[in-house]
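Q: Single-letter residue listing:
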Amino acid sequence: MSDHMVEARGVTKAYGALQVLKGLDLVVRKGEVTCLIGPSGSGKSTFLRCINHLEQHDSGVLRVDGELVGYELRNNKLYERSPKQICQQRANIGMVFQRFNLFQHLNVLENITIGQEKVKGVSEAAAQSRARELLARVGLESKEKSYPVQLSGGQQQRVAIARALAMEPKLMLFDEPTSALDPELVGEVLDVMRDLARSGMTMIVVTHEMGFAREVANSVYFLDQGVIEESGEPNQVLGNPRTERLRSFLSKVL
Amino acid sequence: MSSTLPESEASLEVVPLRHWGRLTGAVVTLVGVAMLGHTIFSKIPSRTGQVVCHTVNATKSCHAVVEWRFSWNTVGSYLFDPLVMNGLWLTLQITFWAMLIGITLGLVVAMMRLSHNRLMTGISWFYTWFFRGTPVYIQILFWFAISYLYPTLSIGVPFGTLTFLHINSVTLFTPLIAGITALGLNEAAYFSEIARAGLISVDEGQIEAATSIGMTPSQTMRMVILPQAMRVIIPPTGNEVISMLKTTSLVASIGVIELTGAVDEISASNFKTVPLLLVACVWYLLCTTILSVGQFYVERYYARGSLRTQPPTPIQRLRGDLRGLGARLRRTPPAVTR
Chain P
-9 MSDHMVEARG VTKAYGALQV LKGLDLVVRK GEVTCLIGPS GSGKSTFLRC
41 INHLEQHDSG VLRVDGELVG YELRNNKLYE RSPKQICQQR ANIGMVFQRF
91 NLFQHLNVLE NITIGQEKVK GVSEAAAQSR ARELLARVGL ESKEKSYPVQ
141 LSGGQQQRVA IARALAMEPK LMLFDEPTSA LDPELVGEVL DVMRDLARSG
191 MTMIVVTHEM GFAREVANSV YFLDQGVIEE SGEPNQVLGN PRTERLRSFL
241 SKVL
Chain C
70 MSSTLPESEA SLEVVPLRHW GRLTGAVVTL VGVAMLGHTI FSKIPSRTGQ
120 VVCHTVNATK SCHAVVEWRF SWNTVGSYLF DPLVMNGLWL TLQITFWAML
170 IGITLGLVVA MMRLSHNRLM TGISWFYTWF FRGTPVYIQI LFWFAISYLY
220 PTLSIGVPFG TLTFLHINSV TLFTPLIAGI TALGLNEAAY FSEIARAGLI
270 SVDEGQIEAA TSIGMTPSQT MRMVILPQAM RVIIPPTGNE VISMLKTTSL
320 VASIGVIELT GAVDEISASN FKTVPLLLVA CVWYLLCTTI LSVGQFYVER
370 YYARGSLRTQ PPTPIQRLRG DLRGLGARLR RTPPAVTR
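Chain order of the listed sequences is P and C. All letters in the first sequence, in the order written, are residues -9 to 244 by our numbering. All letters in the second sequence, in the order written, are residues 70 to 407 by our numbering.
FYI, nobody ran anything at the bench for these hints, they're computed from the structure. No residue lacks a Cβ here, since even glycine has one placed at the ideal position from N, Cα and C. Accuracy of the hints is not assured; some may be wrong.
[Said to hold, decoys possible] Where chain P lies over chain C, by a calculated footprint (3+ residues, C-beta under 8 angstroms):
1. 317 to 324
2. 370 to 381
[Said to hold, decoys possible] Part of the chain P face toward chain C, derived, beta carbon under 10 angstroms:
3. S49
4. G84
5. M85
6. Q118
7. A150
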């Protein structure tokens, strides 16, 4: 049994004529935190979305916990999986979005229980008690009856993290989780993520928070125009960039 | 030049601006409303020319009998006529079934329109084009006359000769069924556009979030998209129900004795046309009023989560207004509450 949670080999993706991913190779070990950095349009979000099959990659191999994403290998052929199987795969991968995307018509508690009840078939009582546990973990136990519009951006994002964790995922994907937040609210979300990393969750984080990457990540990948330009330990990649592109990128974001 | 200010500026009296234009407009409108009310409830000399004469102290005096201009007493006597009551009940039933067909089929048409399958979008576009593009009155007559095109309807192998079930069109499409079918299919065309607007109003991020926690497309539609689309769908649908309630009167033309058909039938025998039309209006107005109130509360239910604080209900607002008025009469400024 390999200790690779995510394994990408030569992953490509195009939107029409626009080649967004040009053959990405990446390995994330279990329990590791990986940060993807790079300018906008570099393909980091697209790659993240390919991992839980919100987007379908065109070619290459993408495995999550040893299983091919979206395909099944039989008789040396890749068979597309049925929507139901893909949904089951996705339920094991949590995702946190830049715009939070909480269900607007449900209150905080219902946002966290709906997936457990409807997708995993957990009983209402069990789902609620797990939801309350998670709300306490993200520091929002008093907000369970609130609707998303009544919360600040930081609070919404913490609920979104709790919603993803409620599915007991083996992998968490974060797509620029703090980019839509007011500066003073970024800290509370990063605190929750830091805590989550410490608990041993495997995480892939697309971020512009270099401080977070340096402190929490086990490895950092720098993407530019659909290609991984540099990768390695955060201190080496962020502290001692080898390519001119990364140097100029870092000078802009730091 | 500067005016001198009193010692304590906090004690300055505030003189509100008088809105003279607004006041004049209100007075003119009020006079108009009073005139309207007066004529509606005015009395006129009897239309039959009836005269009553009295003889007092050997002098005979005659004067015309007066009656309501709008014959309110006749209206009152036919308001609960059994034929009217049955007609009203039928009107409500036709409205219900036509809306049920319209909403169910309209939702299917809307989903087809949003599908990725070109054939589906084409068919749904054609459906809306046809049923919205022809008068509903003609559609009613058409379904009533369907047996002219298809004397018998049968279920069997497509394009084959083998059939399992035969139904005589005339027995299936009674005037009532023809009317409900026509109104329902017509409504589906309008409702599909309402539903489509509602479905595309839901943020794509909601769909992605539902997908990311492993919901199937059908779960996403039922549990995430539709409940949120309802907020956009309900107000125009309320309009449609109210409109449908009145449009059902068209089926009177194919011999269905619903509310309009009932008052028609009564006035055909007693020639009290106007009072009987008023009877129908009273019932239509009562039903649409109840529907409007219902719509308000349904809208409120589906608006939860879209506003930080819900707007007050009319009753809450009235209570607030009265409280404000009371405070003003007591010459104390109303407390500022937000």
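Q: Decide, hint by hint, whether the structure agrees.
A: Consistency of the hints with the structure:
no. : hint       : in the structure
1   : 317 to 324 : violated (count 0)
2   : 370 to 381 : holds (count 6)
3   : S49        : 22 angstroms, violated
4   : G84        : 8 angstroms, holds
5   : M85        : 4 angstroms, holds
6   : Q118       : 16 angstroms, violated
7   : A150       : 8 angstroms, holds
Comparing the model with each earlier hint shows violations of hints 1, 3 and 6; every other hint is respected.
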